[in-house]
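Chains A and B supply the protein sequences, listed in that same order. Here this note's numbering is used: the first sequence runs in plain steps of one and ends on residue 109. Here this note's numbering is used: the second sequence runs in plain steps of one and ends on residue 109.
FYI, nobody ran anything at the bench for these hints, they're computed from the structure. Wrong hints could be hidden among the right ones.
When chains are identical, the list treats them as one kind, so a pair holds in a single copy or across two.
[Stated by the list, open to error] Cut-off 25 Å, straight-line C-alpha distance, at most; resulting in silico cross-link-like pairs (SDA-like, lysine to any residue):
1. K53 <-> P70
2. K53 <-> E18
3. K53 <-> S90
4. K53 <-> S73
5. K53 <-> R26
6. K53 <-> A92
7. K53 <-> R29
8. K53 <-> R13
9. K53 <-> L25
10. K53 <-> R76
11. K53 <-> T30
12. K53 <-> L31
13. K53 <-> A38
14. K53 <-> R32
15. K53 <-> R24
16. K53 <-> A22
17. K53 <-> E77
There are 2 protein chains.
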Amino acid sequence: MILVRRLLGEVLRAERLRQGRTLRDVSASARVSRGYISEIERGQKEASSECLAAICSALAVPLSSVMREVSGQLERVEHTSSVASLPTPARVDADVTNVAA
Amino acid sequence: MILVRRLLGEVLRAERLRQGRTLRDVSASARVSRGYISEIERGQKEASSECLAAICSALAVPLSSVMREVSGQLERVEHTSSVASLPTPARVDADVTNVAA
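Could you build the full structure based on these sequences and the hints that come with them?
In structure tokens form, the structure reads like this:
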């Protein structure tokens, strides 16, 4: 099962690291405990809406862009899962007549 | 403050109603209590990632599309808020020389 909290945590962590910021820094700015942010980043705790808004504000990224990134990652995982669950296609490479037809 | 759970609840509720389905139906299909789904739809409770996945599965909508919809709504709200917080522009309609310059 795809878990939103895991992808959300990865997106938040990637953004924090991209900015070269520490958990301590974001924690102080967001007024959210360092342990809680760390658990959210690792996908171990659900972020409440208030907490998510505070972290995004501390990172100066719009909530919408974080959610869009999560949505995009979900889409890729869903696509991979649906492709993986498709039946294996019959081999057609021995019969090229269809290509030219 | 924009709350993700409120927008998420609205998106889930709109999708359920679009399908003409009842809380009872989705609850049974998702194996999530009716009261909990109702609270999620009204933005009163955060949906856990597992619960969100179960509701999306019951509604047969990809999680990614629900999150994309939430992201889009967030973007609109953020845009409206930022426009609303812009300083009122000085009146320029009395001086049209700038336009022609």
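Now the hints, each set against the structure:
1. K53 <-> P70: both (21 Å within a copy, 22 Å between copies)
2. K53 <-> E18: both (12 Å within a copy, 23 Å between copies)
3. K53 <-> S90: neither (27 Å within a copy, 31 Å between copies)
4. K53 <-> S73: both (21 Å within a copy, 23 Å between copies)
5. K53 <-> R26: within (22 Å within a copy, 32 Å between copies)
6. K53 <-> A92: Neither: 29 Å inside a chain and 34 Å across chains, both beyond 25 Å.
7. K53 <-> R29: Within. Shortest intra-copy distance 21 Å satisfies the 25 Å Cα cut-off; inter-copy 31 Å does not.
8. K53 <-> R13: both (7 Å within a copy, 16 Å between copies)
9. K53 <-> L25: within (19 Å within a copy, 30 Å between copies)
10. K53 <-> R76: both (20 Å within a copy, 22 Å between copies)
11. K53 <-> T30: Classified as within; 19 Å inside a copy, 30 Å across copies.
12. K53 <-> L31: within (16 Å within a copy, 27 Å between copies)
13. K53 <-> A38: Both: 17 Å inside a copy, 22 Å across copies.
14. K53 <-> R32: within (18 Å within a copy, 29 Å between copies)
15. K53 <-> R24: within (17 Å within a copy, 27 Å between copies)
16. K53 <-> A22: Within one copy only: 17 Å inside a chain, 27 Å across chains, cut-off 25 Å.
17. K53 <-> E77: Both: 19 Å inside a chain and 23 Å across chains, each within 25 Å.
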